[in-house]
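Order-wise, the sequence lines are chains D and Y. Start counting the first sequence at -4; every next residue gets the next number (the working numbering). Start counting the second sequence at 61; every next residue gets the next number (the working numbering).
Don't take each hint at face value.
What the hints assert, rightly or not - Below, in silico cross-link-like pairs of lysine to aspartate or glutamate (DMTMM-like), each with a Cα-Cα straight-line distance of 20 Å or less: (1) Y:K118 / D:E13; (2) D:K241 / D:E215; (3) Y:K118 / D:E14.
Simulated from the structure, these hints should not be mistaken for lab results.
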Amino acid sequence: MRRVLVKLAALFRRRRSEEALSREVAAHLTLLEDEFRGQGMSEQEARLAARRSYGNVELTKELHRDEWRFAWFEALVQDLRAAWRSLRKSPGFAATAIVTLAFGIGANTAIFTMVNGVLLKELPVADPERIVRIKADVLGGLGPDEMPAFSYPRFEELRRQETVFQDVIGVAPRLDTLELDDEQPQVKLDLVTGSFFSFFDTSPALGRLIEESDDEDGSELVCVLAYSAWQRLFRGDPAIVGRRIKTDKVLMRVIGVAPADFIGADLQKQTDVWAPTTAFVGPVPGFNRNFPGLQWLRLLGRLQEGATLDASSAWLRDASPQIEASVARPELQEFAYWLEDGSAGVGEWRGKLNSPLWILMGAVTLVLLVACANLANLLLARMRDRTQEFAVKLAVGIGRERLVRQLFVETLLVVVVGGVAALALASGMTRYMLAVYSERNRSGPFELELPPDPAVLLYAGGVCLLTALIAGLYPAWRASQTGFGLGPAMNAAAELNRKWARRSLIVVQVALGVVLLFGSVLFARSLRNLATADLGYSAERILSVQMVRANPFSHGKAGEPLALADLLERARELPGVASAAYATIGVLEGNMALTQFQVPRPDGETVTLTDVYAINVGPKYFETLQTPLLRGREFGESDQDDGQAVVIVNEALAKKAWPGEDPVGKPLGSRWSGGAQVVGLVADSKYADVREDALPIVYRVFKRLDLIGGTMQVRFRGPATELDRVIRDLVATAAPDFRVSDSSTIEALRDKLISQDRVLAFLSALFGLLSVRLTLVGIYGLISYSVAGRTHEIGVRVSVGAQRSQIVGLVLGEAAALVGLGIGVGLPSALILSTWLESLLFEVAPWDPLHIALTLGILLLGGIAAAYLPTLRATRIHPLEALKCD
Amino acid sequence: VLQGTLDLIILPTLATMGAQHAYGIATRLQQVSEDVVKLNQGTIYPALVRLEQEDWIKGAWGKTENNREAKFYSITKNGGKQLEAETARWREISGLIEKLLTEEW
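Isolated chain D (complex conformation):
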């Protein structure tokens, strides 16, 4: 222990101890000299004898130093200095290596940031393994990964299932506009059931949190602020507790502030305000939170101690009929409940991004491997130039071990500098991904804690170290095998070895490049298919204007529907507008509801059709969207009057309901209303999503009094932004009770829907091209060195009569062989790996020869291009000069 302190102190007294050492050694030598002179030697002889007797002075000093301080630290500093000097001497190498690594490590860190934030994070509870999401099989309407919503009565009933649940909480996100004195910011408000905060075992930073009693009907409306919102909106004013705040929907009293590290039940979103579910506002007055027909709460459960997920899920599924029977008015759909792991909370991103992120993670790992191979290759190439330096170093007494260490430190320095650049790059890339994903999201932006997250930094550091080890160790070891000879001839064997190593590295790079490029070609094709898919209507030049009531509390004032009818008429007369029509839900808006219809058969039986979209549309809807009308007629103005109920169906429905028959004139029934008659047949449409298979759709007529909001579709000529402004103005004047909640062209809606595919295609293309670029640089470097090393040989060949074409064949042959070998390894791997991508692709078959040809074409052409310059150089070798040069 004492020695550790002394050694530490010695680090700072280096010069003084160094002087003392020299003085002491000199004194010792003098004494020895005296001794030898006393024995009758001459001055000169005595000095030499003293030296001999003393031993290697420098070595002794080194050993001495080892004892007096932490030698490894000193050595590290020395090595770092040497590395710095060495890199300064070859800025070209350093820059190439650093940029290569910045991309490789940066891509890795960016994707890991997402993986860490979305796939690995868990709810801040002591027992995340006991938290489950409650899911249900309903009659369609949900993607496989999305969390279904449940009515409040269902929540209450599920919470009573104490056989499996210790507790159940419900969460419903909402965006409110907070009304402050000087500003009206939007806040992310989560409606939560009474035991929400006790579920997370959270204690307040200020005041108190929501309790069961706050969530009972008739109790005062209260809310809890998030710490960040408290700081941002109220400047951390402690007097906020007890004050009332007003949003566009509710007036609530603030009772407390949640702790700073509490972000809520959704890990990819920072909630601003939590309010009990009594603050619920229905779409129509009279719809309170207890209304059984509204499914709006997402549920998380905590399993009973010792209960397993599978057993609980099975039990719940079996109990579903009883649960549904006790729910007041199960309405139109019956649920079969089941459970899945809920340790990640109610966030929707884990489900959505699970496969894309793992695939990107795989891709960036390959990119990093390519970067490693590239760096190793660069280092090996450098070894050749530095043979002499190593030989000298070894000759003057550096240990081979120390030489390896010095070279490794050099690599490490490059990697660390590259790593720092990578962090900046990574944060940019992560921001890009978050921005694109947020844009698509309806329930508010996608938020993620960006670095410095300790896990991310740790990961980046680990990747750096691993990179240095993979790329740096072999070249360093090879360098240490340098012979003492100074000429290239002496190191011919080592040179040959290195060449084989470099060739293998190129083959590996080409193979990895094939895999990445192939994947990116698939994603690009998939994106193209999505962007050009036939939707069943025209996506071009149609503006979709979504309107909601400006004041959700006012409904059904007499005369208003006429205002909307008037609005439509005036919109149709606008210059540049070709056609306009209303629908309750426009195309590609999502939010589709699936219902059931009854088809009366001639034999008296009734067939029930499930999973049918029902949409109310007005006259000229199909004309506006340019959906082909196959039989019958469109809705007319007269259909909107109360009279004979009429519907229009699409082909998918007709095929299911009346296979092989003409649907026009057939009756169709639903649970709410009596029968209706089919008056028209239209082509199938992708109504909610580009990826969906054509679903059966029943179009009902848009009755005048139905309107509580909806979408006006406008087909136009001219610029969309101009029309958008004109229409917004028109809504403000002609229908002041409504406001435009969203307005965009159908093309823009489609682009939002496929934004995830865009991210995948963009990033995979980026990674693919990056790896190919790195590989081509590697080929260029290798062939250049190869040509330089063979100058003599080529000179001899030319002088004995080799043709230009033979020399070209000689050099290009080498490049072609390497690329060919790489493709031979890479292509089968790419085909096997691509089966994993199938779920993410849209109408793309991996085995399509076009993809294979495209991938191979890019690599072969690139390979030849990379080898072209060195080849040119080879053909210009003049035999005389070549022979003179050695």
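Chain D is fixed; fit chain Y onto it per the hints.
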């Protein structure tokens, strides 16, 4: 030379002969070992540094009888204690080895 062995040789040398410079210690070592231990004189420096850092010996610059400058090392109080402990331990071990070697099996 085994690390530690050298320590055990330097400490008694200083204990019996008083303050000595490195050269003196090295010479003494050669005499005692009757040149059995062939070592470069420089080799004892690391041992000296170690012992000084442990505060078992102490170095001070002085003059030799020939008026040459040299660093003289002397044993400290701690060093004395250490020597006793080491000697005891050494006796124990060597006794054990002796016993192991001579005992019939």
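Now the hints, each set against the structure:
Using a Cα cut-off of 20 Å, the hinted pair K118 (chain Y) and E13 (chain D) holds, with the two alpha carbons roughly 18 Å apart. For the hint pairing K241 (chain D) with E215 (chain D), the CA-to-CA distance comes to about 14 Å; that is within 20 Å, so the pair holds. The hinted pair formed by K118 (chain Y) and E14 (chain D) meets the criterion: a straight-line CA distance of about 18 Å does not exceed 20 Å.
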